[in-house]
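A.B. asks: Listed below are the residues making up each chain.
Protein chains: 2
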Amino acid sequence: MKPATIRDPHPTIRRKGAVVEVLDQLALPGRIVYRRCDSAEKMATLIRTMVLRGAPLIGVAAAYGYALAAKKSSSPLALKRAAARLLATRPTAVNLRWGLERMSRAAQRYKGPRLFENLMREADAIRKEDIAANARMAAFGAKLIKKNSTIITHCNAGYLATAGVGTAVGVVRHAFRRGKIKMVYADETRPYLQGSRLTMWELMQDKIPCALLTDGMAAHIMKTEKIDAVFVGADRIAANADTANKIGTYGLAIAARAHKVPFYVVAPASTFDMRIKNGDAIPIEERSITEVLNIAGHSIAPRGADARHPAFDVTPARLITAIVTDRGIVKPANRRQVKAVLRRTA
Amino acid sequence: MKPATIRDPHPTIRRKGAVVEVLDQLALPGRIVYRRCDSAEKMATLIRTMVLRGAPLIGVAAAYGYALAAKKSSSPLALKRAAARLLATRPTAVNLRWGLERMSRAAQRYKGPRLFENLMREADAIRKEDIAANARMAAFGAKLIKKNSTIITHCNAGYLATAGVGTAVGVVRHAFRRGKIKMVYADETRPYLQGSRLTMWELMQDKIPCALLTDGMAAHIMKTEKIDAVFVGADRIAANADTANKIGTYGLAIAARAHKVPFYVVAPASTFDMRIKNGDAIPIEERSITEVLNIAGHSIAPRGADARHPAFDVTPARLITAIVTDRGIVKPANRRQVKAVLRRTA
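So the protein sequences, as listed, match chains A and B. Quick note on numbering: the first sequence equals residues 12 to 357 in this note's numbering. Quick note on numbering: the second sequence equals residues 12 to 357 in this note's numbering.
Each hint should be verified, as a subset may be incorrect.
Where chains are identical, the list cannot tell them apart; a pair therefore holds if satisfied intra-copy or between any two copies.
[Claimed, not checked] Here are the simulated DSSO-like pairs of lysine-lysine, each with C-alpha atoms no more than 30 Å apart in a straight line:
1. K234 with K288
2. K191 with K91
3. K234 with K350
4. K27 with K82
5. K237 with K288
6. K191 with K218
7. K157 with K342
8. K27 with K342
9. K53 with K157
10. K342 with K271
11. K234 with K271
12. K122 with K139
13. K237 with K271
14. K158 with K218
15. K234 with K342
FYI, nobody ran anything at the bench for these hints, they're computed from the structure.
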């Protein structure tokens, strides 16, 4: 299997010596802006305010955040506090915890005079591993796509959600290069509009034929056009394959099942949380309702209106055709297969 | 059965002598503005640009538009042209055709010197009948609602979509006055945001507890909270009860079925199109993609992005628990029951 080798001109995160630079996703698609980050506190803010987002990328960013904490102090307590602060930024994406736990183990290993440099190198390694994991997922996933396929995707599971080519969109990009993609529909994904702002931008940069849908359109499109598959990313996958992903994913999965459209999740091993049995135990982040009541700073509802803002939902394993991981494909999506695939080395 | 008697302070359409005034729904919820209309051409523009919308209201407005044409010329050809112009504004809502056909029959009946005045009175009659039809639907529909219910609604099927208390929201208002409503969730309904701008405004005016959802949230809310029913309006109902309504309705119906939540449509007899057998024959309006690519004049996608904009979708009868009409309740939603209920006099 040849992994996907696509190089994006504007990496989501990059290291410049003792400083990390993060592509500001809130400025996209209008402007390419990098935000300088030299502390764990700053990184926590960048994650919390969604300057960067996407479960795999959050894992990498948290690792750098942890390393940056060691620039200020190498005391175990300071590092523990930094980890707690980073962990608290987003509760659903488990890659965050995964990255921090790995860094914490590295800190044990490297304690001594060059702790900061060693931790930055460990974060570099996590970033590079994510690039490699993305390439493998893209190659595994592209095999699931037939020639001349029309795909629906939700939110942004593209390169902007990772350090590499992307998860769900990475698969689509790889398949496109093999001439298999006719069309991609991107759900706009309110309230944050990751689909319209980020996924459409990525697809257009790659010259992949694409069109934007509002979140209510997918079922109608599935009914009236030939849709070959849905591909989405994931923020946390329970041991039984129940999958938390951006709000709207669950409704999309129900619609896909009703139309017999295969529904694929693409996520690296770091997105699996084997400590929890099923999706009911996945914490769902409730974000500020201001994000729902406003679009681009413009109020769209009456003054004083109430709203709900669960940022994620859980799609039960029974609605998932397969999960593409960097270690292979989990199919059918169940506890036994999750275990079997994750046991493999990447 | 006592019909619902709720008077809204800002009627959607009102006659002032030889002129019609239309509440500008594009200015809501921020400002209450009435647009003066003294010709069929003007009315066609108001309908096409969605200054007013909602199938029953479009029917009433088209009737006034037709009458206003007679102010300029009473020639059958001029009236026919005006009708054609009005009919072309929105292809999906059949109430438009229904109103114009009724006005055309009235024009036959009234031809002579006072044609304009007589046609304006006919339009008045249509408006008053819509008020009465809404009141009856509200009373019929409220019986379907159990005490302490939480309801989801989509788009705006409120008073703003009619000349009366509203269709789906009319039912909810009536039920609320009887102490049956605990909570209403309103889908924001992209791209036009009728849910956030109009339905939330109506519900808040009535002090009905309510919260806004983005269109991707309903399935998650159904799964994690107790939702008692979905109530929506309709733009055209085929003879077999297949129902066209605002884009997003179909996905909502699929989600409701998956969660065993009753799914109710509320629409007057004028929304039924007995000339077509099933939903496949309902024309679905495709509107400008500019409306999807922008929100409140603000671009939300990369420059040059493509999009889709089907303004409606069709929910098959098998997903509809019942249809509340002004002549009674169609249950089960099938051809035989549609016929039986519409045969009754209102």
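A.B. asks: For every hint, state whether the structure bears it out.
C.D. replies: Tested hints:
1. For a Cα distance limit of 30 Å, the shortest separation of K234 from K288 across copies, 18 Å, qualifies, whereas the shortest one inside one copy, 34 Å, does not.
2. Taking identical chains as interchangeable, the C-alpha atoms of K191 and K91 are never at most 30 Å apart, the minima being 47 Å within one chain and 51 Å between chains.
3. For a Cα distance limit of 30 Å, the shortest separation of K234 from K350 across copies, 27 Å, qualifies, whereas the shortest one inside one copy, 35 Å, does not.
4. In the homo-oligomer, the alpha carbons of K27 and K82 lie at most 30 Å apart inside one protomer (14 Å), although the nearest pairing across protomers, at 75 Å, exceeds that limit.
5. Taking the shortest Cα distances, K237 and K288 sit within 30 Å of each other only across copies (24 Å), while inside one copy they are farther apart (35 Å).
6. Within a single copy, K191 and K218 get their C-alpha atoms as close as 14 Å, which meets the 30 Å cut-off; across copies the closest is 53 Å, which misses it.
7. In this assembly of identical chains, K157 and K342 lie within 30 Å of each other by CA distance solely inside one copy; the values are 17 Å within and 43 Å between copies.
8. Proximity of K27 and K342 under a CA criterion of 30 Å is satisfied in neither setting, with 41 Å inside one chain copy and 67 Å between copies.
9. When the C-alpha separation of K53 and K157 is checked against a cutoff of 30 Å, the pair qualifies neither within a copy, at 44 Å, nor between copies, at 51 Å.
10. Taking the shortest Cα distances, K342 and K271 sit within 30 Å of each other both inside one copy (16 Å) and across copies (28 Å).
11. In this assembly of identical chains, K234 and K271 lie within 30 Å of each other by CA distance both inside one copy and across copies; the values are 10 Å within and 21 Å between.
12. Taking identical chains as interchangeable, the C-alpha atoms of K122 and K139 lie at most 30 Å apart only when both belong to the same chain, with a minimum of 23 Å there against 82 Å between chains.
13. Proximity of K237 and K271 under a CA criterion of 30 Å is satisfied in both settings, with 11 Å inside one chain copy and 27 Å between copies.
14. For the identical chains of this complex, K158 and K218 are intra-copy neighbours only, at 17 Å inside a copy versus 54 Å across copies, given an alpha-carbon limit of 30 Å.
15. For the homomeric pair K234 and K342, the shortest alpha-carbon distances inside one copy (26 Å) and between copies (25 Å) are both at most 30 Å.
Hints 2, 8, 9, counting from the list given before, are not met by this structure.
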